[in-house]
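Peer 1: Chains as they are written, first to last, in our numbering: chain A, 1 to 229; chain B, 1 to 229; chain C, 1 to 229; chain D, 1 to 229.
By construction, these hints were calculated from the structure, which means they are not laboratory data. Accuracy of the hints is not assured; some may be wrong.
Listed next, the stretches of chain C that the computed footprint assigns to chain D, with coverage defined by at least 3 CB atoms under 8 Å from CB atoms of chain D [unchecked claim]:
id, stretch
1, 8 to 15
2, 54 to 65
3, 80 to 91
4, 172 to 184
All residues carry an ideal CB built from backbone N, CA and C; glycine is no exception.
There are 4 protein chains.
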Amino acid sequence: MRTPLFIVSTKAYLWGNRSLELARIADKIAREYDVCFIYVPQLVDLRLIAGEVEIPVYSPNLDPIKPGRGHGHDLAEALKEAGASGVMINHSERPKTLSEIEECLKRAREVGLNTIVCCDSPRAAEAMTSLEPDAILPEPPKLIGTMKPVSLEMRDFIVESIKAVKRRNEKILVIVGAGISCARDVAEALRLGADGTGASRAVCESPNPEKLLREIAEAMRKAWDSRRS
Amino acid sequence: MRTPLFIVSTKAYLWGNRSLELARIADKIAREYDVCFIYVPQLVDLRLIAGEVEIPVYSPNLDPIKPGRGHGHDLAEALKEAGASGVMINHSERPKTLSEIEECLKRAREVGLNTIVCCDSPRAAEAMTSLEPDAILPEPPKLIGTMKPVSLEMRDFIVESIKAVKRRNEKILVIVGAGISCARDVAEALRLGADGTGASRAVCESPNPEKLLREIAEAMRKAWDSRRS
Amino acid sequence: MRTPLFIVSTKAYLWGNRSLELARIADKIAREYDVCFIYVPQLVDLRLIAGEVEIPVYSPNLDPIKPGRGHGHDLAEALKEAGASGVMINHSERPKTLSEIEECLKRAREVGLNTIVCCDSPRAAEAMTSLEPDAILPEPPKLIGTMKPVSLEMRDFIVESIKAVKRRNEKILVIVGAGISCARDVAEALRLGADGTGASRAVCESPNPEKLLREIAEAMRKAWDSRRS
Amino acid sequence: MRTPLFIVSTKAYLWGNRSLELARIADKIAREYDVCFIYVPQLVDLRLIAGEVEIPVYSPNLDPIKPGRGHGHDLAEALKEAGASGVMINHSERPKTLSEIEECLKRAREVGLNTIVCCDSPRAAEAMTSLEPDAILPEPPKLIGTMKPVSLEMRDFIVESIKAVKRRNEKILVIVGAGISCARDVAEALRLGADGTGASRAVCESPNPEKLLREIAEAMRKAWDSRRS
């Protein structure tokens with residue numbers, strides 16, 4: 001995964017054709033600005049969208065099963081064949097047991113899916129380094145779905161999360177989220193050292209998502225440039 | 001839903017192109033014999049398959065959420081737009097709370113998805129009539145995934161389930177499953193009065209699924225003809 | 001279970017000695033007014049309280065296990081030996097799958113524990129009659145823990161729940177709850193035909209629980225007398 | 001917690017008076033040999049047993065709630081007042097989400113309960129060091145409840161778990177389990193460097209638990225003596 005990155009996750013705010021439309025906008029802007037956007041749609045939309053855009057499309061779930069039994073469980077091999085580049089698991093709205101997280105990461109690696117593990121705190125972020133996901137996404141649950149950005153409201157949460165992860169394993173990306181709604185929030189998250197951030201409600205409900213994503217892409221470019229200099 | 005019907009559920013035995021191939025075979029045979037097959041794929045394959053076949057394609061899951069929050073939860077509206085005709089919930093491998101079952105049925109109705117509720121016993125089948133799904137699918141958990149067909153091993157289970165449902169609501173279909181692996185098992189389930197049956201492992205792992213489904217379709221035609229006479 | 005009955009459930013509002021004290025007050029008043037109070041403490045307090053009072057003490061949980069494995073699961077036999085008269089399961093704060101509910105009721109019956117199954121709606125209440133618990137306790141989740149009594153705010157909910165259960169099985173008690181905080185709320189629930197009601201927060205946080213329970217007992221006596229006449 | 005220690009967990013193999021009897025035997029032998037036994041009973045038996053023995057009694061569960069709502073959830077304050085010295089959470093038979101584990105540890109610390117977190121692998125054991133429990137108990141799930149001791153069948157599992165935990169935090173105890181059934185299994189686990197081990201089925205189903213625990217205590221003394229020399 002190239003950094004900085006920005007995750008557009010639809011959750012259940014958008015689906016079907018409107019989700020495809022948003023993914024296409026994100027795809028266009030990602031190319032235009034040469035930044036990395038990741039798109040996380042409703043699972044049932046994954047194949048459609050992965051077939052139409054170049055940006056990586058991630059599954060919002062994976063279950064710790066192997067080929068065989070498992071009615072209603074999402075199989076790693078099926079996600080991969082459908083075009084998923086990765087998976088995002090353990091979101092606070094879809095938490096998993098410690099044992100399931102471990103098994104999901106193993107299954108994702110076996111089929112070549114990138115992994116983002118969400119968690120609730122800097123401590124939990126540190127814990128997750130032992131399971132070696134590609135990225136860790138700590139979010140303070142109380143800010144999720146609000147318009148209070150973690151990068152302004154809880155700077156310490158971000159700084160501590162980054163420190164906690166990087167001192168264990170520099171290669172694991174730290175993505176932060178919760179309440180992110182505009183370019184300023186993104187810029188601030190990156191300035192604090194995050195490898196990426198993301199938004200869900202703000203992008204899905206934006207009256208002008210193209211303008212919003214464009215501003216975010218610009219903030220990402222600036223952060224990128226200032227890091228290299 | 002037209003009866004008798006037969007559910008082909010892939011669970012995690014098959015996915016992607018191989019699942020599409022099986023769905024096409026089922027589609028062809030359903031047309032040829034004018035019988036009702038329902039196909040339940042991995043969720044991520046739903047849209048692809050629904051776009052390629054005429055037989056109804058059902059989702060293996062639905063979550064009790066409304067548009068909005070709900071990372072990793074499957075939204076009724078998204079399943080519908082992707083081409084699902086219905087949903088199959090509360091399978092013993094993906095059980096739901098009583099409250100979730102009720103809310104899922106409400107959400108499915110709101111968007112026009114047919115509903116099949118699985119359960120473990122004749123009593124639970126009777127209970128589910130109060131929630132008015134389109135179909136109830138009682139399965140003895142211990143026979144699921146085996147080659148011991150419920151229609152031979154536990155005839156009473158089938159007879160009692162049908163009685164329990166129909167005395168409450170004649171319109172609700174009773175589908176029975178577990179261990180069904182050949183035309184004889186299907187014929188016997190229908191002879192006992194079931195509105196349908198289904199299989200997962202036996203069809204997915206069959207060296208010749210076309211032959212198997214053809215034999216099953218023939219058994220369904222015979223059952224149909226003998227009921228009308 | 002003798003009716004009308006009133007359930008005092010501590011949830012996590014009270015525990016240990018303060019819970020024992022409340023149970024003793026309930027016990028005294030139940031005897032004084034000859035009414036049926038049921039006490040549901042924190043599980044770890046069950047044995048202590050059951051040993052000190054005469055009113056029935058119910059467990060707030062039961063797990064669907066048999067003697068043997070099951071770390072952290074509450075065994076029916078253990079609850080019974082500790083002095084439980086019954087169990088209250090599937091509360092909206094501790095929901096169970098349909099399959100677990102069925103198995104819990106079976107296990108409770110096997111060891112001689114009375115059963116109260118909570119649920120969310122009149123429909124779900126009707127569904128539960130098929131599993132034949134001793135009592136069904138429908139509660140509108142949105143009123144739980146508030147001071148808005150279901151017996152004033154949602155009279156239809158009560159009336160429909162009673163009708164739904166009694167037309168299926170007259171012997172199953174219908175207890176209603178959510179937001180009940182004083183004698184007037186109790187009187188109204190009983191007047192609408194409920195076999196009982198209950199409270200948690202209001203009793204546990206009352207500055208004078210003895211006075212509150214006394215007023216409730218009086219309301220129960222009046223309801224009792226007016227039914228007999 | 002003094003080491004080496006040995007956990008006697010009844011799960012649902014024993015309860016009530018028979019559990020109290022076993023706890024008394026463990027208590028007597030612990031005193032006789034000056035070794036540390038920890039007793040984990042059915043939750044409903046906790047207060048009874050904690051009141052009768054001197055060895056620490058741990059709760060088999062804790063829920064991540066605060067005083068207030070939470071029907072059917074086990075409150076830290078209630079466990080503490082009932083006499084619990086600690087809690088054992090996330091057993092593979094009662095797994096918790098990562099978020100719940102973190103919150104449970106916080107709640108346990110707030111009321112002064114010792115903490116043992118179970119997990120499935122050396123990696124997960126390492127992860128749990130970040131949450132700073134008092135002890136970590138990795139168990140290979142496939143050996144739990146068998147008579148195949150982890151200390152003979154999967155020596156690497158033990159060695160790697162100890163290394164994984166201790167290089168992060170020397171103070172956190174590493175207890176290992178699964179399939180432990182006699183003094184030899186215990187001796188071998190301690191020889192490999194574990195701070196403790198435990199058994200459930202083997203002790204509960206032993207025809208002579210006193211003899212078995214005596215032999216285990218002797219093995220613990222020997223391990224203790226050989227470490228000091």
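Peer 1: Run every hint past the structure and note whether it holds.
Peer 2: Structure-based check of all given hints:
Residues of the stretch 8 to 15 of chain C with a Cβ under 8 Å from some Cβ of chain D number 5, which satisfies the need for three, so the listed coverage holds. Three residues within the 8 Å Cβ limit are the bar, and the stretch 54 to 65 of chain C against chain D gives 4, so the coverage statement holds. Counting residues of the stretch 80 to 91 of chain C whose beta carbon lies closer than 8 Å to any beta carbon of chain D gives 6, which meets the minimum of three for the stated coverage. Given a C-beta distance limit of less than 8 Å, the hint that chain D covers the stretch 172 to 184 of chain C is violated, as 0 residues qualify and 3 are needed.
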